[in-house]
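Asks: For the record, in the sequence shown the residue sitting at position 457 is 457 according to the working numbering, with numbers rising by one throughout.
No lab work stands behind these hints: they were computed from the structure. One or more of the hints may lead you astray.
Straight line, CA to CA, 35 Å or less: simulated DSBU-like cross-link-like pairs of lysine-lysine [said to hold, decoys possible]:
1. K516 x K646
2. K516 x K345
3. K502 x K532
4. K380 x K471
If you're wondering where the values come from, they're calculated on a predicted model, not measured in any experiment.
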Amino acid sequence: MALNLKNLRNIGIMAHIDAGKTTTTERILFYTGKTHRIGEVDDGEATMDWMEQEQERGITIQSAATTAYWRGTQINLIDTPGHVDFTAEVERSLRVLDGAVAILDAVRGVEPQTETVWHQAERYRVPCIAYINKMDRAGADFFPVLEDIRHKLGANPVPVQIPIGRENGFEGVIDLVTMREIRFGGDDGSVLEERPIDREAGGATLAGEWRDRLIDVLSSLSDEITEKFLSGEEIPVALIRATLRSGVLNRTVLPVLAGASRRNRGVQPLLDAIVDYLPAPDEVLPAHAHHTKKNEDVAVVCDPQAAPLGLVFKIQNDREAGSLCYVRMYSGKIMSGSAVFNIGKRKRERANRILRMHSNKSEPLAELAAGDIAVIIGLKLAQTGDTIGSEGVPLLLETMQFPEPVISVSIEPETASEGDRLKETLAVLSREDPTFTMRENAETGQMLISGMGELHLDVLVTRLTKEFGVKAHVGKPQVSYRESIAGTSEERASFSRVIAGKENAAAVTIKAEPEKQGAGNRYTVDPVLRQKNPAIPAEIWLAVERGVHGALASGIVMGYPCIDLKLTLSGIDYAELSGTEIAFETAAALAADNALRAASPILLEPVMRVLVISPSEFVGEVMSLVNQRGGQVQSMDSKPSGDEIKVFAPMSKMFGFMTSLRSVSQGRATFTMEFSHFEKIKEKK
């Protein structure tokens, strides 16, 4: 049966850790009939948290995909992690989704990771709706969270529901679109009772005020609503929903709902909102791609009849099936058993099987069509960010950007025989996770693995030893530094050697310059140089580029990866008889290395953005601890959940911070930490 794009939603659940993403997802699966009992995170029985470590730790580590059906609409749902160490999972999920549900804690409001994932969604222009969860918790208050959204996220929150009661008195919601109460009955909340608003309970006045605000916002988006409002006509529910949907697609409004997922209240109206307000695949902006033959950018329209084009956004290793490649199709279709072309690698592969995933279970599909998300088995060369499609229409989709790893640990096999297994397993893990890197110290032979934080590396090492059974010794965490330059330099290097009776000679000049913070590395060729040397083959230019990138990978002085610098090929001496690729690659590496060393090398350390939440009576002790750790306080804010202290602190001083924080606050203060930027190490006075 052909896929109806209008009845398809690709959505993600995103939020700060412990806001209730997985709990809400479990209810969605139950109410849509996908599961027959509700799995609880606290019991280690959540369907979407299928990894052993997820069940033991009570957190989501890997994004999990599933498909459910509601009101005749297919919902491809991805439950993403909330912990900042696993931000890559959120990044790659948002890259391929058409809409998202942002879940917020009714007590804590907008938390640090909420801001991070919101900005990720903004970057990919993902339309969103918001769901304020935990309305039954002590200290829960719906309306201050709206202001928090407006102030911290810069969004335009528009409640489409308001809660009936709060904390222990939370009973249901008032739907401001239909102006009716919705209450949830039965042990599992599956019995919905819609009824007129109880005028005697006092909710009617408040509902009337917020309904007027809703209409006021929508009238700025729809002339028809304005005319009906001014003439005193009843505004049809269908018109309100259509206008809200239009506002969501344009990201001009953020519909806000309320609920308490753990107590089974508010999830079915959330499902209705997903269908009513979030876009179908053919309603979002076309994907951008680059035509490699024509050398031009093109817009990719979601058309199942066009040439096939999909993005591999996640790789997951399966012991039996091998690599599971999660693919979002943007146009055309891929049939099970058919050949596909990896456009970036210019290699043909075969889609042996196509599977619809439900967490760690699956069902076979005959085809994967435009707008849909599924898993392809058989793509051995594919990596996260690769584009697959047709050789005749070579379009490269925009790739994904991932943050730099900031923490490392050394790892060594227990025995020499375990060495190869260790390297193979680390290669599998790094293929799954783009923020996990490994490198071998050429001098000591020691393997260094790097990740986004202590928890990230702890999870990976546990998988290494438990899941894959590799026996290894793991060192203490250490900071993953970076190298850059403060000055400018231009150096020439030459290479001349007779290899196998043939002369190999080359000379190149490389100029090194610093870039702005966060700009990354850039390699360019002086356009005048290229114009003056039209006879130089393309392979030679590519060999120079390989040499430059090779020099960057080996660091400048300390051997750490290089960031935020620009290298320009400004001079080249080429002779047809002796100019070989190996000569130019070697000369380029030497010239780049010399230029970098002469351009005032500097060592950079990772600086973390830290948010500490502390009861007010311990703020003095917490501030003192932060100062001891080299932290710079950016702001303080008082909230019902405690005083919030925002700090920038060097990663090198933050090891063991949790133990010290518990000590000075009698275990009552908490903190979250995420990478902010790299900064030159301050010289000690």
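Asks: Does each hint fit the structure? Answer for all of them.
Replies: Hint-by-hint comparison with the structure:
no.	hint	verdict
1	K516 x K646	25 Å, holds
2	K516 x K345	31 Å, holds
3	K502 x K532	27 Å, holds
4	K380 x K471	27 Å, holds
Against the hints set out earlier in the document, no violation occurs for any number.
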